[in-house]
Amino acid sequence: MSGIDLINVVKRFGALTVIDGVDLAIAEGEFVVFVGPSGCGKSTLLRMIAGLEEISDGELRIAGSRMNETPPAKRNIAMVFQSYALYPHMNVERNLGFALETARLPAAEIRERVTKAAKFLKIDHLLDRRPAQLSGGQQQRVAIGRALVRQQKLFLFDEPLSNLDADLRMEMRVEIARIHREVKATTVYVTHDQMEAMTLADRIVVLKDGRIAQVGTPMELYERPANRFVAGFIGSPRMNFLPGMLVREGEESVLSLAGGRHRLSAHDYAGDVSLGIRPEDLILGGGDATLEAEVLLVEPLGGESLVHLNVGDGRSIVAKAQGRPEIRPGATTVVGWNHTRAHLFDKDERALNPRGA
Amino acid sequence: MVRSATGRRLHRIAIYGLFAVVALYTLFPFYWMIASSLKSGQAIFDVTFLPDLKFNNYEAILSDGVFLRSLLNSLIVAASVVALSLGLAIAAAYALGRIDFRGRSPIMFLFLAVSMFPQIALLSGLFEMIRWLGLYNTLGSLIFAYMIFTLPFNIWVLTTFMRSLPRQIEEAAIMDGCSPLRIVRCIFLPMMGPALISTGLLAFIASWNEFLFALTFILTDENRTVPVAIALISGSSRYEFPYGAIMAASTIVTVPLIVMALLFQKYIVSGLTAGAVKG
Numbered sequence: 001m002s003g004i005d006l007i008n009v010v011k012r013f014g015a016l017t018v019i020d021g022v023d024l025a026i027a028e029g030e031f032v033v034f035v036g037p038s039g040c041g042k043s044t045l046l047r048m049i050a051g052l053e054e055i056s057d058g059e060l061r062i063a064g065s066r067m068n069e070t071p072p073a074k075r076n077i078a079m080v081f082q083s084y085a086l087y088p089h090m091n092v093e094r095n096l097g098f099a100l101e102t103a104r105l106p107a108a109e110i111r112e113r114v115t116k117a118a119k120f121l122k123i124d125h126l127l128d129r130r131p132a133q134l135s136g137g138q139q140q141r142v143a144i145g146r147a148l149v150r151q152q153k154l155f156l157f158d159e160p161l162s163n164l165d166a167d168l169r170m171e172m173r174v175e176i177a178r179i180h181r182e183v184k185a186t187t188v189y190v191t192h193d194q195m196e197a198m199t200l201a202d203r204i205v206v207l208k209d210g211r212i213a214q215v216g217t218p219m220e221l222y223e224r225p226a227n228r229f230v231a232g233f234i235g236s237p238r239m240n241f242l243p244g245m246l247v248r249e250g251e252e253s254v255l256s257l258a259g260g261r262h263r264l265s266a267h268d269y270a271g272d273v274s275l276g277i278r279p280e281d282l283i284l285g286g287g288d289a290t291l292e293a294e295v296l297l298v299e300p301l302g303g304e305s306l307v308h309l310n311v312g313d314g315r316s317i318v319a320k321a322q323g324r325p326e327i328r329p330g331a332t333t334v335v336g337w338n339h340t341r342a343h344l345f346d347k348d349e350r351a352l353n354p355r356g357a
Numbered sequence: 001m002v003r004s005a006t007g008r009r010l011h012r013i014a015i016y017g018l019f020a021v022v023a024l025y026t027l028f029p030f031y032w033m034i035a036s037s038l039k040s041g042q043a044i045f046d047v048t049f050l051p052d053l054k055f056n057n058y059e060a061i062l063s064d065g066v067f068l069r070s071l072l073n074s075l076i077v078a079a080s081v082v083a084l085s086l087g088l089a090i091a092a093a094y095a096l097g098r099i100d101f102r103g104r105s106p107i108m109f110l111f112l113a114v115s116m117f118p119q120i121a122l123l124s125g126l127f128e129m130i131r132w133l134g135l136y137n138t139l140g141s142l143i144f145a146y147m148i149f150t151l152p153f154n155i156w157v158l159t160t161f162m163r164s165l166p167r168q169i170e171e172a173a174i175m176d177g178c179s180p181l182r183i184v185r186c187i188f189l190p191m192m193g194p195a196l197i198s199t200g201l202l203a204f205i206a207s208w209n210e211f212l213f214a215l216t217f218i219l220t221d222e223n224r225t226v227p228v229a230i231a232l233i234s235g236s237s238r239y240e241f242p243y244g245a246i247m248a249a250s251t252i253v254t255v256p257l258i259v260m261a262l263l264f265q266k267y268i269v270s271g272l273t274a275g276a277v278k279g
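Protein sequence lines correspond, in order, to chains A and B.
All residue numbers for the first sequence refer to the UniProt record's numbering, where the first residue is 1 and numbers rise by one.
All residue numbers for the second sequence refer to the UniProt record's numbering, where the first residue is 1 and numbers rise by one.
Keep in mind the hints are simulated off the structure, nothing from the lab.
For every residue, glycine included, the Cβ atom is placed at its ideal position computed from N, Cα and C.
Some hints could be false.
[As the list claims (entries may be wrong)] If you want a taste of the chain B side facing chain A, the calculated C-beta under 10 Å gives, among others:
| no. | residue |
| --- | --- |
| 1 | Ile44 |
| 2 | Asp46 |
| 3 | Pro166 |
| 4 | Ile174 |
[Stated by the list, open to error] Interface residues of chain A toward chain B, partial, derived using beta-carbon atoms under 7 Å:
| no. | residue |
| --- | --- |
| 5 | Leu24 |
| 6 | Leu52 |
| 7 | Asn68 |
| 8 | Ser83 |
| 9 | Ala85 |
| 10 | Asn91 |
| 11 | Ala99 |
| 12 | Ala103 |
| 13 | Pro106 |
| 14 | Ala107 |
| 15 | Tyr222 |
| 16 | Phe229 |
| 17 | Phe241 |
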């Protein structure tokens, strides 16, 4: 049993409330990613679990017991920091073994565990080096190794990949996924990169202004965002939003956009809405509903292209198209979508679903 | 900057010229001291710039038990001041640099203010304190007094340095189960090497060279430190002022400082500038 329970957890710095009542249960062995824009409180929440920040209100339970007052070292947690935080004056071997040394484990066992972790992370040839003599990726591996040797049931990662370049980031992402698969420790991972969140997480927790905006599996968040914020945050390029008006007409609802009126199945809500459609769900030249648009720019990405379109009122949207569509900037085209792939959000930015859905 | 060939040459001559003037200005007194110490008897009153290479002044001063004793005293005092003030300053720097508490910056400014008082203003009050502590005419009185000017500086420099150490390293150590003491001992101390060397060296030099307190708080010859001992070297008659011996003694006293400064010079610079620039 090494799940984590956050019960109405609050963090205040003076008059400022940074975490505003978070409830979350993380199951044993689960890989949970906290994601959100900077300042949303994701790192603070992680540091509260670690014990580096005090909990102002609410309760933190690890493996069922209250941990609010337990010092970090006694929470049985291993943590990987954004800056790696390696001890610069120690070689890799001592860096890895330092926590065990602190816990006064016998030298032979320290050696054994360090060697094993180093092999596992493919850094066994670097044991004599100092951190300054390592590349960013290698430092990252040492930082993860330092957490691994402690053989804890709980891993915390605080934006571990944000200091790496794109290639290494991809490589380490795969590596972290492998570690989790093999070690099976409960893992909480903080990132501002929704791509990392999508690829690594069993469940994603999207945070906004110190509150949970939505919790769910990556595909749930992608397919059924609970609000406009999550819809815009998950997925790349971002979801397009168009303002509109939803009116009830008998057994149907009618959505009026700048470019036309569209009949939808009945919604209980009427009033201002925004329509959200992901770039990959926009279809050039077809779909259930269509708009006239002027092509602004075509960005070929190789296998696919991003087409920037002006849909009137100075509003631009982005469509993702396979291959390289035969259109030129300045041309007029028709862009459309299928109603099943469109998302509607009410004026409070909550997702709207048709009646009965 | 682009210059013509002549311009470049002139520029270089100007720089080296200026350099020579500064070097002459700072090094000539030392040179004169060493040259004089190597002259014997009346030769010291002849203005010659080349030394005689006569070592009888050194023989005389090194066979003088009182002088040797004062060298030892100076070493004891300076080493104790370095050890004590570094120990206390590290503890204070950890508190002031790493722990949030109310009144932290007033305390820092208090330290700065204390180090601004002129020594002479402290003298009578300090004298009373030392008498009251029973330290009068002991080396302890000097160790006690020198902490007054070494501690504020050391605390100030080490606090700045401690603040510049990444906080995540400390947090990593906390997660690794370290107590504050172990963090300071195993993580911060090794990382603070350059700062410790530079502040320690400056404390050593300051205590080694100090004159006023050493003259006031010590009564008898066997407890004197070197600067006072040198000033009190007297000739064989009251009409003879032993310039040669004084110069030889001064040279002997200066040499360890120069050796240490050369040995640690790269640390001194990195220690004093670290924390000055945010990395």
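Outcome of the hint check:
| no. | hint | result |
| --- | --- | --- |
| 1 | Ile44 | violated (52 Å) |
| 2 | Asp46 | violated (56 Å) |
| 3 | Pro166 | holds (6 Å) |
| 4 | Ile174 | holds (5 Å) |
| 5 | Leu24 | violated (21 Å) |
| 6 | Leu52 | holds (5 Å) |
| 7 | Asn68 | violated (17 Å) |
| 8 | Ser83 | holds (5 Å) |
| 9 | Ala85 | holds (4 Å) |
| 10 | Asn91 | violated (12 Å) |
| 11 | Ala99 | holds (4 Å) |
| 12 | Ala103 | holds (6 Å) |
| 13 | Pro106 | violated (16 Å) |
| 14 | Ala107 | violated (16 Å) |
| 15 | Tyr222 | violated (33 Å) |
| 16 | Phe229 | violated (29 Å) |
| 17 | Phe241 | violated (38 Å) |
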